[in-house]
Amino acid sequence: MRRHRTTRKKLVVPVIAAIALVAVACTSGSDSGSSSGTGSPGSSGAPIELTMWHGYGKVIDNQGQTNYEAKSLTDLVDEYNAMNTGIHVNLDYIGSNDHALEKLTVALNAGEQPDITYQYGTSMPQIATAPGVMDLTDMVQDPSYNWSDFSEGARQAATVDGHVYGIPALIDNLAIVYNKDLFQQAGVAPPSADWTWDDFIAAAKALTDPSKQQYGWAFPIDGSEDTTWHYDAMLWEAGGDILNADNTQAAFNSDAGVQALTALQQMAVTDKSVFLDQQNTGKIDTLFNSGKIGMDVTGPWALSGYPDINYGVQIMPEFPGGSHATIAGPDMWVMFDNNGHGEAAWQFMQWLTAAEQVKADAMESGHLPIRNSVVTPSFLKAFDQKFPGEGLFAQNLTNVTKARPVITSYDQISRIMAEAVVKVMLGQGDPKSSLDDAANQVNQVLAGG
Amino acid sequence: MAAVAARPHRGAPGFARRALTSDHLAGWLFVLPAVFLVALFSIFPIIWGFILSLQKASLISPNRPFVGIDNYTHIASDPVARQAATNAVIYTCLFVPTSIIIALFLAIALNQKIRLIRFYRLAVFIPVAVSTIATGVMFMWVFDANFGLANWALGGVGLGPFGWFDSPSGAMPSLVIMTVWGWLGFDAIIYLAALQGVPHELVEAAAVDGASRWTIFRNVTLPLLGPATLLLVVWSTISAVQLFDEVFFITRGGPLGHTNVPVFYIYRLAFTSQYGFSAAGYAAALAYVLFVVILILTLVQFWMGNRVVHYSS
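So the sequence lines, in the order shown, correspond to chains A and B.
Mapping the first sequence onto our numbering, position 200 (from 1) lands on 200, and the numbers just tick up by one.
To convert, take the position in the second sequence, counting from 1, and add 1000; that gives our numbering.
No wet-lab data here; the hints were simulated from the structure.
Please read all numbers here as calculations on a predicted model, not as lab measurements.
Please note: incorrect hints may appear among the correct ones.
[Said to hold, decoys possible] Restraint ranges, calculated between C-beta atoms of paired labels, are given here:
| hint | chain 1 | residue 1 | chain 2 | residue 2 | range |
| --- | --- | --- | --- | --- | --- |
| 1 | B | Tyr1120 | A | Gln63 | 31 to 39 Å |
| 2 | A | Asp78 | B | Tyr1120 | 49 to 57 Å |
| 3 | A | Ser433 | B | Ile1238 | 39 to 47 Å |
| 4 | A | Gly111 | B | Ala1034 | 21 to 29 Å |
[Stated by the list, open to error] Heads up, incomplete: computed chain A residues facing chain B, CB under 7 Å, no partners named:
| hint | residue |
| --- | --- |
| 5 | Asp61 |
| 6 | Gln63 |
| 7 | Thr66 |
| 8 | Asn109 |
| 9 | Asp222 |
| 10 | Gln278 |
| 11 | Gln279 |
| 12 | Gln412 |
Glycine included, C-beta positions come from ideal geometry on N, C-alpha and C.
Let the hints inform the model, and build the full structure from the sequences given.
So, in structure tokens, the structure goes:
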């Protein structure tokens, strides 16, 4: 599951989940009762009530652990509500972010859309067509908001045809997380900042031991965007692109694309050094944390799931003549102007995404700061101390040089590319012809609109 | 009813009075809540779905131009729809006979007078009560190609290792095994009830006439199970064609589309953009075609059933 930090919860025995649900049903009832009591300041009448959807999970998860992502957001919202600005924000956990767009779709058809919702950046072109979605283009240009402080990749993902429809909520990127002990046991030098994919392939092979059911690497082959963005990063590291500059033609079947997919083929089919995860419901994290996998190409969200191993983090390898590029998955806060509450929603959003709150959230939840001005040397030091390895992810944001195309057909293109990658990794196709075939399909999609 | 019908007809006022005082009114008032709910949750969506199937629409954008029957004609040239249909046929052909035959044997076993029989019956039925997701999590690890119990046990007797859900050829059989396990209890209980309805006199009469146990089963018991078998075949076929949960949770249609079944494809068309942003209308058209297919299948099964099922109680 991409960018969903608390995947391990999915493996909880459902009986416990059911009990927890009942418990939540009871407690949430009393929660809403108390919040509506404290929410009215009495001076200026009833406050404007805003509903805010998120997918960070519950503050106390099903295993009784504190979920710091959810806690951080809840604390910030509580702080805002306590300021009695006449706006009261109600947080609503709606389940995994992977299904946030589906839930919004259903809500839109019922006219029950929230005032603010968390959505993946790749969903922005679709959301831009929704009725009532707020066009924030003019608002973010207000000099006091300092829009250019957000990273370039995140701003690009928020912008559809020149209009801004989202405020970056979270940004992360892919890097190598490796098991230091397994590297030592295999006598392999740990990943370095100047690694090439040949080094990676050799290390993956050396770390693979069928007798111990130990793999060098793991790759999600469920055919979702999770498959595609892992490949996208490699494509960019080889110097390739997904589409041409004006998004009219496929470009991933270039030599660079073939080189990247051939590397995957080498590891998956020839060396059998990759654990291929067909279901992609958290198995990779579980196995990596059990010391069965040497390297995991993943994002900062995954680190909290590896308490049992001694891990290190390193930036992505490069292909000769390419770069150490990585891919960022910026997620967005999207706002709807319901009952004329849009202005209030924007007021709250300005506060939530101001530098001070961004910094507080980063230090509590471990999220990479979405504002560049927050990333100072002193911040990095404190951040990496509290969340070992996250400092590298924060610095790795500078390796984010490209964004996925912001077009409504992106999900379709992603699916077609993922199918080609999966086909090759399962040994059922060769890189060149699979990519050419996928490129033909993509070109048809782009031509058909 | 008879009293109402016997009253002389006196035109409209009489009709109104009759309607207000008759048993009909009370009857209608009683069913009104149900009629309202059915209309709200069934009839309205059915009509809305049909309108949607004539549009080029995403469920997000309000811009939904009508395209006539384009969505229906597109189905014939859609390779993914063909693949989904093929997968549905394969799954149904594997799932329906397997689950019904095993359930019959189980039901016969559970019909014996042995100690702890209630416990065994309960044990067989429990998987039906377990949620699909719980079953899914369990089978995902049992059928894990590297770390699963199934490969470990089969490896012990020199078989495998198998790829199960991860292998293109193994994913569908794995789904069949998992769903048969989940549905077996239901089928077995239906058969058990039917078995207990078999009159003792017939069995005893056959035994007195010198029939062997097999002959009794073949010529007395089995024909009497006809109605139950017909019910199970119809029920299992409909649920097989509508397979969704297990695919959604475990295989996501993969690997390489080998478990992409119609309802899962319809879901992806309507609620994701993986097959195009404005594919909800096409999804509605596919759903209508699926409905017609299920209707025809059911009618054919009932028609055949009436010719084969001899003793309908």
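query = Of the numbered hints stated previously, which ones are contradicted by the structure, given in increasing order?
reply = 5, 6, 7
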